[in-house]
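> So you can see what is in the structure, the chains are spelled out below.
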Amino acid sequence: MNLIKEIDFGTPASKSEKMVTLTIDGREVTVPEGTSIMRASMEAGIEVPKLCATDMVDAFGSCRLCLVEIQGRAGLPASCTTPVAPGLVVSTQTPRLKDVRRGVMELYISDHPLDCLTCAANGDCELQDMAGAVGLRDVRYGYDGENHVKARNDGALNIKWQPKDESNPYFTFDPAKCIVCSRCVRACEEVQGTFALTIEGRGFDSRVSAGMHEDFVSSECVSCGACVQACPTATLQEKSVIEIGQPEHSVVTTCAYCGVGCSFKAEMRGEELVRMVPWKDGQANRGHSCVKGRFAYGYSNHKDRILNPMVREKITDPWREVTWEEAFAHVANEFRRIQYQYGRDSVGGITSSRCTNEETYLVQKLIRAGFGNNNVDTCARVCHSPTGYGLGQTFGTSAGTQNFDSVEETDVVIVIGANPTDGHPVFGSRLKKRLRQGAKLIVIDPRRIDLVKGPHIEASYHLPLKPGTNVAMLTALAHVIVTEGLFDERFIRERCDWSEFEDWAAFVSEEAHSPEAIEALTGVSAELVRGAARLFATGGNGSIYYGLGVTEHSQGSTAVMAIANLAMATGNIGRPGVGVNPLRGQNNVQGSCDMGSFPHELPGYRHISDDATRDIFEKLWGVKLNEEPGLRIPNMLDAAVEGTFKGIYIQGEDILQSDPDTKHVSAGLAAMECVVVQDLFLNETANYAHVFLPGSTFLEKDGTFTNAERRINRVRRVMTPRNGYADWEVTQKLAQAMGLSWNYTHPSEIMDEIAATTPSFALVSYDYLEKMGSVQWPCNEKNPQGSPIMHVNGFVRGKGKFIRTEYVATDEKTGPRFPLLLTTGRILSQYNVGAQTRRTDNVVWHDEDRLEIHPHDAENRGIREGDWVRLASRAGETTLRALITDRVSPGVVYTTFHHPDTQANVITTDFSDWATNCPEYKVTAVQVSPSNGPSEWQIEYGEQARQSRRIAGKLEAAE
Amino acid sequence: MSNTSNDAKLVRMANQIATFFHSQPAETRAPGVATHINKFWEPRMRRQFFDIVDNRGGAGLDPLVLDAAPLIRRPAAENAGEHASAN
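Those protein sequence lines, which keep their order, are chains A and B. Per the UniProt record's numbering, the first sequence starts with residue 1, numbered consecutively. Per the UniProt record's numbering, the second sequence starts with residue 1, numbered consecutively.
Chain B with its partners taken away, still in its complex shape:
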């Protein structure tokens, strides 16, 4: 489902978040990254994120992002077949 250019973009976004938290007090860094991703990333993005972490050894991700990964909420299984109900 994901292609490399989109992966690169996602990695870049995650690393940008980590870059900000690198300069914050040590104990807030990993939780800061995780909270941010939990709050703002749609499940599809988090799914793609975990695909990179789980299946591709987190290639390209800042070590701080990997530290934060256990604190990031895993999205529910894909709802591809799920149909919206009217109303």
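For reference, chain A alone in the conformation it holds in the complex:
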């Protein structure tokens, strides 16, 4: 194994299709027009010395090292900023160039410490490399002059020297080593789009500064790591490299956080992870990362991680560590007992949207083939199940229609119910890049998210609607488009059912759906809505990106249909730059759905009642499958409370924290006789478990994740599972204990089974993925390269189907007792229930959930910034501290759900989407009042959680 080193071409690739031929060092080179001479040289295998150039950012031309000579041109142009031209004759190495370059390097090194041997970048320093490349042998200027290197010059304080900034938990900034190449500043601007860094001062006083001369952690820096990656020296350096040293091999794998699915190089020394570096060839992230994927992997070695299986009779008992064999036998006996006593349908399971496709496939197979029922569900129930239903009805498939690259060709974007800069940060950065190039943005969100206005971006329209009125808003947009004749008739006639369109057009044209008529419902001025609709319909390639702010409502599925209607009506389907783009929450929520995790569907979204599909699996698995749909998560909990559902196997999901109406979830779990939790940590659900099976991290196993753009990416094992088994092995051993004759020796064999049974995966295999890097399903004979864009030559269902979308107000209404509307979301540094990120230094940025409340509402209640407040709904109450901000409108409050001691889901209710039972997280009527501290429930819960985490023979484990 080697350390993977991507070639740095120095400047970004040109997208021109026109080719230009020139001669470099006697070699003829043909490249796209607009390519720099530096890049053209590198493509011919000639490495021109450089320091300020790197292909992640545009050319800058400041270091004067990449100079070349061009026949017939005067002077020594910089190869990074000089584009190719037909017939140029370029020399990259001449006596004159050699002298100049050596002179430049002498100047750099005269103001640079000479501690190479003890420097963290030793072996990975471009300055060191360039000194070698230009043959630097001597620094004629000496080292005693003015400098930024030494704290003292001849005993006197050196005012140009600055100490190392170690404020960021993950990397250090050492100004003494800085060569002011501006690569970090440009990476922050061009790649990340945060503009947190700048160069302050002029001439010899120039230096890199975070924010307004702040330390990194106090500045706007979001710790994405792009600057660290761009830095050619040890100025910006990962702390892990400082502690461990340089890696010796690396393996490409896929991030286990959000649905963007970034590719990373896991850089290793032995089995120790030195650092995660975004992989330039990663098709989802194109070499970028966020603070979670880049840095927040420390949870895998956290002291709270459970490494041995545990069993207990009652949930009030302390845990007892047992061998794996005992644990498997215990679970098998219990599930068999329960089924004997209460019937075959009294048990079920939940697959994990954090585990691999292969693991998810095995869990649903265990339930269908081993338990003999279809009581399997997954966390998509509580996030994107309405996407599956809504897009399935209108387009014929639940698939998001685009790849992430598509954003580079979009002209006008609607972002609704999503907060990409926090929830899907790498996509957020890619979107902001396109916006800076001139694309227009419409944000539909109750909250003023960062995208509404930020450095060098501003939404053309922000429609701050009242939570729960998405369908009214989307239908009003359609009203404007139809009544003003802005729809794309040719597209609709060609690709959609025209009579259904006419029916729908008549429906949306009704006066009741006009922006004026719904103004009172949404609270958004009709004029803004009309403007936004006109912009979207006439602004060129129109794309819609949405998240859980659309789906997690009682009309979630209807809103998804309304989005699909809008895209069809404006002809924005079937090519790059357009489309309907669900931003999926978890790393493999797309995959878990694909793999048949829903109770009514076998892998590949085929209904369980379909005889032909069941036949495929029955033959292969040698069992008879139940043709009836099984229970969904909320139905399982209802059935448990009712007494007909008694046992559950939960792999990698924390329903007690993540699912709504916590008290109902805990009542359901408490009513069961055997709750089996497989996870890294004793999560909140484990408080109600009888068996705990330790899980493994994404670093410890092989498999695949499928991201939001349907891209199947490899996950590669870089270290031995600390708990002894990868999760797929645990499920297999459990199946064996239950008498199933499974014998997979590697996850690739599971993928082969998936490909053999599921048409959209027909060509997928580990060998094929090795060859292709990654593919987007459908990947079969018809689409051997995979399918970056869906519905290219027509909709999957045949004709696109327009569906009427009548707005129906949710039953969750404000009133005198609960006058405010609570909506929930997430934050950049934390992920979902926080089980992983809370166990990393990311808590520096967010160590508690806060309640965002408008100054007006706060003042009415006598609430000041930072005060403890009581947040109550008809479902329950909790306390947390207030954050007063006008990001939320009066009447709306907002919080995150990352911390178990807040338990925002005590507040959320059991209302759900009409079609899928996806919970209505985004609208809860609440009251907020001052409070003295934690509620009684929180104290009780904290004590119960502490009790239930006791392990016999061990000191009490900390949360």
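Hints were generated in silico from the structure; no laboratory data involved. Check before you lean on any hint, since a few could be wrong.
What the hints assert, rightly or not - With a cut-off of at most 25 Å between alpha-carbon atoms, the simulated BS3-like pairs for lysine-lysine come out as follows:
id, chain 1, residue 1, chain 2, residue 2
1, A, Lys663, B, Lys9
2, B, Lys39, A, Lys624
3, A, Lys314, A, Lys813
4, A, Lys619, B, Lys39
5, A, Lys280, A, Lys433
The model shown is predicted, which means the values in this text are computed figures rather than measured ones.
For this one, chain A is given, so just place chain B on it according to the hints.
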């Protein structure tokens, strides 16, 4: 087997489905509700549903749900005593 709070929940779910189909073209309404329930409701839920329809006069159910009832598949008799076979 069923209790009132669960009944109320089921009625609410059925009525929510009906609410969506109320605004759809007339001929698709009852079949729409029925197809939806057939596709997504586990037998236990449909059994409870028919208990409400047959024995309690469909109390609380939207008339559209009652229109759809004849199109909803009746689940097989309860399998309470049925034991899962290994493999």
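> Evaluate each hint against the coordinates.
Hints, one by one, checked against the model:
no.	hint	verdict
1	A:Lys663 / B:Lys9	16 Å, holds
2	B:Lys39 / A:Lys624	20 Å, holds
3	A:Lys314 / A:Lys813	40 Å, violated
4	A:Lys619 / B:Lys39	24 Å, holds
5	A:Lys280 / A:Lys433	17 Å, holds
In this structure, only the earlier hint numbered 3 is contradicted, and the remaining ones agree with it.
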